[in-house]
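Kindly generate the complete structure, drawing on both the sequences and the hints.
There are 2 protein chains.
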Amino acid sequence: MNERRVTACVLIIGNEILSGRTQDLNLQYIAKQLNLCGISIAQAHVIPDLHDVILNAVNDARAKHDYVLTTGGIGPTHDDITAECVAAAFGVPLEMNDYIAKRIRQRPAAPDVMENRLRMAYIPKGARLIDNLTGGPPGFSIENVYCMAGIPSVLQAMLPTIQFEGGSVVKSCSVTAFMGESEISRDLGQIQERFGEEPSLGSYPFQKNGQFGTTLVMRGTNVEQLNKMMKEVKQAIRLRGQEPQNESYDWDD
Amino acid sequence: MNERRVTACVLIIGNEILSGRTQDLNLQYIAKQLNLCGISIAQAHVIPDLHDVILNAVNDARAKHDYVLTTGGIGPTHDDITAECVAAAFGVPLEMNDYIAKRIRQRPAAPDVMENRLRMAYIPKGARLIDNLTGGPPGFSIENVYCMAGIPSVLQAMLPTIQFEGGSVVKSCSVTAFMGESEISRDLGQIQERFGEEPSLGSYPFQKNGQFGTTLVMRGTNVEQLNKMMKEVKQAIRLRGQEPQNESYDWDD
Chain A
1 MNERRVTACV LIIGNEILSG RTQDLNLQYI AKQLNLCGIS IAQAHVIPDL
51 HDVILNAVND ARAKHDYVLT TGGIGPTHDD ITAECVAAAF GVPLEMNDYI
101 AKRIRQRPAA PDVMENRLRM AYIPKGARLI DNLTGGPPGF SIENVYCMAG
151 IPSVLQAMLP TIQFEGGSVV KSCSVTAFMG ESEISRDLGQ IQERFGEEPS
201 LGSYPFQKNG QFGTTLVMRG TNVEQLNKMM KEVKQAIRLR GQEPQNESYD
251 WDD
Chain B
1 MNERRVTACV LIIGNEILSG RTQDLNLQYI AKQLNLCGIS IAQAHVIPDL
51 HDVILNAVND ARAKHDYVLT TGGIGPTHDD ITAECVAAAF GVPLEMNDYI
101 AKRIRQRPAA PDVMENRLRM AYIPKGARLI DNLTGGPPGF SIENVYCMAG
151 IPSVLQAMLP TIQFEGGSVV KSCSVTAFMG ESEISRDLGQ IQERFGEEPS
201 LGSYPFQKNG QFGTTLVMRG TNVEQLNKMM KEVKQAIRLR GQEPQNESYD
251 WDD
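These protein sequence lines are chains A and B, in that order.
Counting along the first sequence from 1, when you hit position 10 you're at 10 in the numbering used here, and nothing is skipped either side.
Counting along the second sequence from 1, when you hit position 246 you're at 246 in the numbering used here, and nothing is skipped either side.
Please note that the accuracy of each hint is not assured.
No copy is singled out in the list; a pair is fine if it fits within one copy or between any two copies.
What the hints assert, rightly or not - Within a straight-line C-alpha distance of at most 30 Å, the following computed DSBU-like cross-link-like pairs (lysine-lysine) qualify:
1) K32 - K208
2) K125 - K102
3) K208 - K102
4) K231 - K208
5) K228 - K102
6) K208 - K234
7) K125 - K228
8) K102 - K64
Derived from the structure by calculation, the hints contain no laboratory data.
Note that the structure is predicted; figures quoted are calculated from it, not measured.
Here is the structure:
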């Protein structure tokens, strides 16, 4: 078993997310997909459509993480500047990609509209393509940086086509205690201390139909340790006078 | 009219957002609230429950922005470490706050549970309180850093109680063109160029009932300029053979 931790940084590019106009839905989707490949998102940054901000964020992230995934800014308009920023980050020019251009030309349009649309054919020199299952223009990747669309349906038609080299897959299991977090927080802290960094034990309070509860989520690569931690967590819940509920595991035995 | 641009950085703290377990809903809410006060979110970072990462993110953000808002990590469990990280970022100790402690003690609990709950009374020395309209423990602020809960309903009971000193309020207006982005992207680029940085003109394609459309969003502090830009955008849509639709303005005349 490969115990290497593989990490990704997600750059969510777009003024519309920062202004509150648009609710980002991509981070959660990307996180779940990457989890399946054994890649954990270490950080995510929401950044505006500004050349230097994007350039610096790309260079910083690609030096620190195994993978960088960007969403947004690869359309045909003046505020779509991801390709030029990534090219600048790598110190390479933008270059028209013949395959993308051909694909764009397949849909007929007036000459000036076609010219606008062909903006999407320019990608950083040396970049590889990311397929787009909607049939629209592909995304692209260069070294460890993967640039995809911001529209969720298009992103979801791109990401699954990428072959990542992940590490150990992080599994998770959870159980609900119908009590406030404070009732059990010390026990949880002690359990976490005994196990060290892994599995991680997260505690998420909720209120439902006037009833307080806390969902306890364990995440780690070692199923044996996860099972052991689950046992201790359930015991702690019972010692506090409640029966553990909604026990769930995201792996098959 | 105060034309100063006031910016904020939002730190979304929590492994559950990065793992995809939880969909963040706070950024959009905060963005809309801050817009009303004349504060723009310049960047947002989603970071894990790790001491050094939080400490560095706080110090970096508070040096670069007028305001820093954090969400998450102020509960009573071992993975709630925002208060200690912010204290460390400012080089001050954690200190028990008598008012919070009193408020926590009002709800009776067994001694050990009370001890866990009192963890939430420890805030950085010198911090001010952020009221919590749910009646639960307050958040806190120190200098320009405001620390609030991660649970959306609690965050929404804290943020509106804060008095920010904002700058010019960014207004926005929008209009829909029932055409693909490429049909109009060159015109938009030219309009943006003529106006310079402000107002900003964003273009957001959508597909609805099989019909392609593009929403054009203009944002800026100067209503006169916004109206002027709207006129040009509408004219561009008409020149491309379509009637502008869904014209909307977020200010009263």
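Status of each hint after checking the structure:
In this assembly of identical chains, the alpha carbons of K32 and K208 lie at most 30 Å apart whether taken from the same copy (25 Å) or from different copies (27 Å). For the homomeric pair K125 and K102, the shortest alpha-carbon distance inside one copy (17 Å) is at most 30 Å, but the shortest distance between copies (63 Å) is not. For the homomeric pair K208 and K102, the shortest alpha-carbon distance between copies (27 Å) is at most 30 Å, but the shortest distance inside one copy (54 Å) is not. Taking the shortest alpha-carbon separations for K231 and K208, only the intra-copy value of 25 Å comes in at or below 30 Å, while the best inter-copy value is 49 Å.
For the identical chains of this complex, K228 and K102 are neighbours neither inside a copy (56 Å) nor across copies (38 Å), given an alpha-carbon limit of 30 Å. In the homo-oligomer, the alpha carbons of K208 and K234 lie at most 30 Å apart inside one protomer (21 Å), although the nearest pairing across protomers, at 48 Å, exceeds that limit. Taking CA atoms no more than 30 Å apart as the test, K125 paired with K228 passes in neither setting, with 50 Å inside one copy and 39 Å between copies. Neither within a single protomer nor between protomers do K102 and K64 lie at most 30 Å apart by alpha-carbon distance, with minima of 36 Å and 45 Å respectively.
Of the hints listed earlier, those the structure fails to meet are numbers 5, 7 and 8, in rising order.
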